[in-house]
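In the order they appear, the protein sequences are chains A and B. Position one of the first sequence corresponds to residue 5 (our numbering), numbered consecutively onward. Position one of the second sequence corresponds to residue 11 (our numbering), numbered consecutively onward.
What the hints contain is simulated information worked out from the structure, not anything from laboratory work. Do not rely on the hints blindly, as some may be mistaken.
[As the list claims (entries may be wrong)] Simulated restraints on C-beta separations:
id : chain 1 : residue 1 : chain 2 : residue 2 : range
1  : B       : Asp29     : A       : Asp211    : 52 to 62 Å
2  : A       : Ile117    : B       : Asn71     : 51 to 61 Å
3  : B       : Glu124    : A       : Val224    : 41 to 51 Å
4  : B       : Lys140    : A       : Phe188    : 51 to 61 Å
5  : A       : Leu114    : B       : Glu124    : 23 to 33 Å
[What the hints assert, rightly or not] Chain A stretches covered by chain B per the calculated footprint, using a threshold of three residues with CB under 8 Å from any CB of chain B:
id : stretch
6  : 30-38
7  : 74-81
8  : 155-161
9  : 203-216
Glycine is no exception: its CB is placed at the ideal position from the N, C-alpha and C atoms.
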Amino acid sequence: MGAIFKRELKAYFSSPLGYIFLAVIYALSGYYFFYILSNQANYIQYVFSSMFTVVMMIIPLLTMRLMSEDKKLKTDQLLLTSPVNITGIVVGKYLAAFVVYMIGVSCTILFQIILATFATPDWNVFLGNYLALALIGAALIAIGIFISSLTENQIVAAIGTFAITLFIWMFDTLASVLPTGLSFLATILNALSFSTRYNDFVSGILDLSHILFFLSFAVVFLFLTIRVLEKKRWS
Amino acid sequence: MIEISNLTKRYGQKLAVDDVSFYVDRGEILGFLGPNGAGKSTTMNILTGYLSATSGSCKINGVDILEDPIKAKQSIGYLPEQPPLYLDMTVKEYLDFLYDLKKVKQPRAAHIQEICEIVQITNVYGRVIKHLSKGYRQRVGLAQALIGNPEVLILDEPTVGLDPKQIIEIRNLIKKLGKKHTIILSSHILPEVQAVCDKVVVIHQGKLVANDTTANLSHSMSTDHRYNILVDGPENEVYRMLCAISGMHDVQTLGKREPGVFEYIVEAQQGVDIRRQIFKRLSERNWPLLGMRSSEMTLEDIFLQLTKDSGGTK
Numbered sequence: 005m006g007a008i009f010k011r012e013l014k015a016y017f018s019s020p021l022g023y024i025f026l027a028v029i030y031a032l033s034g035y036y037f038f039y040i041l042s043n044q045a046n047y048i049q050y051v052f053s054s055m056f057t058v059v060m061m062i063i064p065l066l067t068m069r070l071m072s073e074d075k076k077l078k079t080d081q082l083l084l085t086s087p088v089n090i091t092g093i094v095v096g097k098y099l100a101a102f103v104v105y106m107i108g109v110s111c112t113i114l115f116q117i118i119l120a121t122f123a124t125p126d127w128n129v130f131l132g133n134y135l136a137l138a139l140i141g142a143a144l145i146a147i148g149i150f151i152s153s154l155t156e157n158q159i160v161a162a163i164g165t166f167a168i169t170l171f172i173w174m175f176d177t178l179a180s181v182l183p184t185g186l187s188f189l190a191t192i193l194n195a196l197s198f199s200t201r202y203n204d205f206v207s208g209i210l211d212l213s214h215i216l217f218f219l220s221f222a223v224v225f226l227f228l229t230i231r232v233l234e235k236k237r238w239s
Numbered sequence: 011m012i013e014i015s016n017l018t019k020r021y022g023q024k025l026a027v028d029d030v031s032f033y034v035d036r037g038e039i040l041g042f043l044g045p046n047g048a049g050k051s052t053t054m055n056i057l058t059g060y061l062s063a064t065s066g067s068c069k070i071n072g073v074d075i076l077e078d079p080i081k082a083k084q085s086i087g088y089l090p091e092q093p094p095l096y097l098d099m100t101v102k103e104y105l106d107f108l109y110d111l112k113k114v115k116q117p118r119a120a121h122i123q124e125i126c127e128i129v130q131i132t133n134v135y136g137r138v139i140k141h142l143s144k145g146y147r148q149r150v151g152l153a154q155a156l157i158g159n160p161e162v163l164i165l166d167e168p169t170v171g172l173d174p175k176q177i178i179e180i181r182n183l184i185k186k187l188g189k190k191h192t193i194i195l196s197s198h199i200l201p202e203v204q205a206v207c208d209k210v211v212v213i214h215q216g217k218l219v220a221n222d223t224t225a226n227l228s229h230s231m232s233t234d235h236r237y238n239i240l241v242d243g244p245e246n247e248v249y250r251m252l253c254a255i256s257g258m259h260d261v262q263t264l265g266k267r268e269p270g271v272f273e274y275i276v277e278a279q280q281g282v283d284i285r286r287q288i289f290k291r292l293s294e295r296n297w298p299l300l301g302m303r304s305s306e307m308t309l310e311d312i313f314l315q316l317t318k319d320s321g322g323t324k
């Protein structure tokens, strides 16, 4: 697992992919931070609530090559015939993507420190927001790695993941336009909503059930990814 | 050392490997011979734990690959048909990664350096793999299999796509490695297997058709009753005359090679030596015999003969 984690992390920065990802996230979050500064508001939550859409859009970039590249290069043959178990392979890759993601969103720490020089910040709210961003990252990266394991084409993996994140993003809107006869569907969609839970964090509510929701989302999709690799052996 | 028993692999309706069993002793080099699509790669993929068998079992060093995959995989080095290389890494980074991946205990620098010297890639050690030629990529693939000094090496068509000089080098290398490792080597080229291996397993359409020492197999495959001959003379008359030779089984005209010179394949009946007869008859008519060589058996011929010997189908 350690070896795979290290290799994947290096791979992000031996190609333009890692740099592009970080550049996009820094540029967009920087723009939102600039907005706060120019309005002289001590309101870091604005950055976080905007980041929700941003990470949904760019996480597919981060996860697209995780499993599909190995399939294409046939290096999956190397990994699966090495003395490592499949869980180790998947978790190693997942953690590498997660670390790159955290390097990206951790620019918010810097923002908060800058804000702290002007006004007294509420560090607890900041930590809650930061945790929320980490949690949706964890859930979305798990979805991404799962989609990536289904194909050997990185573009297909990226578009597939993007379609799913877009769908998740629209859960609330969909729920509100469903006809009354389908209200049970609306209940399900609302229960699965990422944005409602995320917004709770943003407004300073730390709900354990939200934390568990995102974590279990991540675990389920990692488990499914492991099953996909297992299944390939038996097909 | 390696024990394969009643191995069967089914892809949907298609039987890729059909009830194959064989055994490889410690320190042997086994040639795994078969035409494309015979099931060689599938068998090797099962043996290395990449695929699972529909039924049957594989044991490496007494450890079943399904029951204790991690332990079994520790004693295997595998070079698949397409070397599994990360093209963005340098050779150094790649081998370092494998060293970590396989959790090798030996001192890192010395171990990697030793392997690089064995497969002769020291001069490309710092280069990015995607810039290497096919021959060097194959060697890096071989180096990958050697990391951790596994007891068993499984090499899937290691000489495919190499130039003749590289083929000879890789063969010599495999022979050298055979002194320390147990090796299974797949190929669809008979002379290659004859040159390198102690034992041969022949597989055709998923079925085992022969399992013997190389010497025995070569003997039963001897081709001293089939020749290519080159005769300077009128095509039809020469053909008719050749057919008339007693003990002749089959004559085929291959075509014109030079003005007035034609090439034929002649096949004698089993156990009859027709070489002297051919010379005598041709000289009677004053048709110079320009060349005669025993023709090489194609892999198809071998399968035909092997399947015939074992009574049609096995």
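We went through each hint and held it up to the structure:
no. : hint                            : result
1   : B:Asp29 - A:Asp211: 52 to 62 Å  : 59 Å, holds
2   : A:Ile117 - B:Asn71: 51 to 61 Å  : 58 Å, holds
3   : B:Glu124 - A:Val224: 41 to 51 Å : 45 Å, holds
4   : B:Lys140 - A:Phe188: 51 to 61 Å : 54 Å, holds
5   : A:Leu114 - B:Glu124: 23 to 33 Å : 47 Å, violated
6   : 30-38                           : violated (count 0)
7   : 74-81                           : holds (count 5)
8   : 155-161                         : violated (count 0)
9   : 203-216                         : violated (count 0)
Hint compliance for this structure: hints 5, 6, 8, 9 are not met, and every other hint is.
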